[in-house]
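Protein sequences appear in the order of chains A and B. Mapping of the first sequence onto the UniProt record's numbering: position 253 corresponds to residue 253, and the numbering continues sequentially without gaps. Mapping of the second sequence onto the UniProt record's numbering: position 276 corresponds to residue 276, and the numbering continues sequentially without gaps.
None of these hints come from the bench; they were simulated from the model. Being a predicted model, the structure only gives us computed values, none of them experimental. Among these hints, one or two may not hold up.
Since copy identity is lost for identical chains, a pair holds within one copy or between any two.
Derived pair list, reagent style PhoX-like, types lysine-lysine, alpha-carbon separation capped at 20 Å [unchecked claim]:
(1) K29 with K61
(2) K209 with K155
(3) K155 with K322
(4) K231 with K182
(5) K193 with K243
(6) K315 with K289
(7) K322 with K286
(8) K43 with K60
(9) K61 with K43
(10) K193 with K169
Each chain, written out:
Number of protein chains: 2
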Amino acid sequence: MVQKMAGQSKTAVLTLLYEHKNEFLSGQKISRMIGCSRTAVWKHIQSLVADGFLIESVQKKGYRLTNVPDELNEAAVTVGLKTKHLGQSIHFYDTIGSTQKEALRLADEGAVHGTVILTNEQVSGRGRLGHSWQSQRGKNIALSMILRPELPIEKTPQLTLLTAVAIAKCIEKVTNLSCGIKWPNDILCDGKKLVGILTELQAEATYVKAVVIGVGINVNIDVSSFPAELKTSAASLKSLTGKNYSLALIIQEFLESFEALYTRYLSEGFTCIRPLWEQRALNLGKQIKVRQPGGWIIEGVASGISDEGVLLLKKSDGSIAKIYSADVEWG
Amino acid sequence: MVQKMAGQSKTAVLTLLYEHKNEFLSGQKISRMIGCSRTAVWKHIQSLVADGFLIESVQKKGYRLTNVPDELNEAAVTVGLKTKHLGQSIHFYDTIGSTQKEALRLADEGAVHGTVILTNEQVSGRGRLGHSWQSQRGKNIALSMILRPELPIEKTPQLTLLTAVAIAKCIEKVTNLSCGIKWPNDILCDGKKLVGILTELQAEATYVKAVVIGVGINVNIDVSSFPAELKTSAASLKSLTGKNYSLALIIQEFLESFEALYTRYLSEGFTCIRPLWEQRALNLGKQIKVRQPGGWIIEGVASGISDEGVLLLKKSDGSIAKIYSADVEWG
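Full structure from sequences and hints, please.
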């Protein structure tokens with residue numbers, strides 16, 4: 001408990017330094033604002049320096065944050081975040097098995113709508129239908145969001161599509177790349193996978209208690225460090241643009257982009273999301289095979305998505321099958 | 001790990017004694033069948049005696065189980081259980097916070113279809129819509145089942161109704177009481193609540209990964225030990241019949257009853273469950289108020305359930321509303 005409190009006030013010190021990034025803050029002022037001793041403030045500063053933060057310390061003036069490590073920290077995401085709910089409660093873990101698993105656990109414990117789980121290093125990330133998700137310390141974004149929408153259970157897949165649009169808009173804004181969405185949950189650039197989305201539900205009978213959306217974005221990772229089978233199919237923002245990006249800035253941009261779309265969606269419905277999704281849709285009009293969880297395979301042409309957000313598959317006999325959740329093999 | 005192995009072979013010894021309840025089993029035979037030393041067998045027997053099992057020990061003949069404590073144990077449930085899947089994997093806890101919570105955790109870890117979580121003492125049992133569920137050590141049944149049906153998500157509420165029928169059939173068979181079902185998840189006798197059912201889902205978008213059904217049955221509990229607010233509204237098999245029942249026997253009966261119905265349901269659909277449910281349905285034809293999770297209140301007459309298993313509510317204007325999940329106030 002004491003250790004947790006110490007961790008919290010270290011985060012509080014860092015948050016203050018972020019909030020006053022171009023100013024000096026005296027140890028006295030920090031100690032007053034946080035409610036801990038000046039000695040404690042000094043110790044937190046030393047600890048932050050050991051973590052890789054560059055903090056200028058000038059007699060009579062105080063402390064000033066001048067540079068931060070590439071790795072993520074909680075203050076970097078919260079300071080300046082312009083959302084009402086999303087990310088206003090953040091659970092940050094330096095390292096974690098899976099943000100998604102932790103989010104499901106926290107959702108079950110009653111975590112509020114908008115809670116975000118973040119980490120620097122995800123060691124056993126999970127993807128759709130039991131697949132795993134590759135990550136690398138401090139190079140990628142791995143986050144999970146807990147949402148508590150008052151939605152009928154059958155509409156929740158729309159949130160996966162909304163998330164894809166929010167991420168695409170975020171990446172387009174930050175990098176000027178143009179993103180394509182492969183139904184239902186991948187984002188590609190130049191035909192290579194950049195982002196994965198995983199939507200999971202907790203429900204009581206058909207009453208949705210929580211929707212947990214996991215987002216993995218390859219940001220500064222060197223694609224040569226991917227396992228062989230992913231080298232030709234995966235990309236990162238860095239591999240596409242040659243630049244490094246601030247993980248915290250992309251997360252803020254995404255959370256703001258998501259919340260804006262989510263708010264519109266709740267009042268206007270999926271019709272306001274559908275065109276944004278369709279203008280980025282890849283592979284519509286192409287022949288696909290759909291492997292359903294039960295082992296069935298359906299073949300046909302991906303002809304679009306419905307207003308409910310399900311994939312419409314036109315079969316050879318002209319009939320349309322609605323595809324809700326499946327492992328699609330694009331032909 | 002060593003301790004777990006020891007616990008497992010103690011359960012194995014007890015299982016053998018249960019399987020040969022009216023015969024003597026030599027220490028040598030037990031040691032050979034279980035693959036541990038005769039000294040270890042002797043230690044397990046001593047430990048079982050300390051737990052309250054009566055075990056006759058006769059020189060040259062061996063050990064014979066003559067009586068068991070009222071409390072539940074794993075062997076009592078598994079020996080003689082005539083099911084194919086349900087309860088073939090049992091996780092037994094002497095005491096636990098909530099079997100439902102543990103089941104959700106195990107389901108997420110990949111526990112197989114039919115896994116059952118059982119306990120002697122549930123200290124923070126959960127009921128529907130965040131309500132709590134009262135329990136008492138060794139007097140009640142608290143179990144959760146993990147099912148992995150290949151069902152569309154909208155059909156999963158039918159499993160709550162199926163469970164209610166299975167429990168009603170089990171209680172009717174064991175006690176000769178007649179049970180009424182109050183939509184969706186309560187079983188009553190003489191107007192008092194005897195059983196609660198809680199159905200929870202884990203899904204990926206609309207693909208159902210696991211359905212976890214929690215069942216609480218008041219068996220040998222003295223109703224005078226209930227909290228004041230439940231004294232007039234709750235009952236136990238003992239309070240209704242004056243008799244004590246074997247928890248293990250009721251659990252076996254329920255698991256067999258459930259599996260039989262579940263197998264029929266998967267091949268024939270809900271139409272084979274509906275009449276069994278309706279013949280026990282309480283309050284059909286009565287005026288009710290339905291409080292939906294979003295805070296809305298709908299009033300009308302409960303006119304039946306549909307073939308999908310949803311409650312049909314006839315409103316004053318004659319229109320029918322389908323009620324999927326709600327807190328019903330029976331008027």
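How the hints compare with the structure:
1. In the homo-oligomer, the alpha carbons of K29 and K61 lie at most 20 Å apart inside one protomer (11 Å), although the nearest pairing across protomers, at 83 Å, exceeds that limit.
2. Proximity of K209 to K155 under the C-alpha cut-off of 20 Å is found in both arrangements, the shortest distances being 14 Å within a copy and 17 Å between copies.
3. Taking identical chains as interchangeable, the C-alpha atoms of K155 and K322 lie at most 20 Å apart whether they share a chain (14 Å) or sit on different chains (17 Å).
4. Proximity of K231 and K182 under a CA criterion of 20 Å is satisfied intra-copy only: 19 Å inside one chain copy versus 57 Å between copies.
5. Within a single copy, K193 and K243 get their C-alpha atoms as close as 18 Å, which meets the 20 Å cut-off; across copies the closest is 65 Å, which misses it.
6. Taking the closest pair of Cα atoms, K315 and K289 come within 20 Å of each other only inside a single copy of the chain (10 Å); across copies the shortest separation is 45 Å, beyond that limit.
7. In the homo-oligomer, the alpha carbons of K322 and K286 lie at most 20 Å apart inside one protomer (16 Å), although the nearest pairing across protomers, at 38 Å, exceeds that limit.
8. For the homomeric pair K43 and K60, the shortest alpha-carbon distance inside one copy (18 Å) is at most 20 Å, but the shortest distance between copies (73 Å) is not.
9. Taking the closest pair of Cα atoms, K61 and K43 come within 20 Å of each other only inside a single copy of the chain (18 Å); across copies the shortest separation is 72 Å, beyond that limit.
10. With identical chains, the CA atoms of K193 and K169 are at most 20 Å apart within one copy only, with a shortest distance of 16 Å there and 53 Å across copies.
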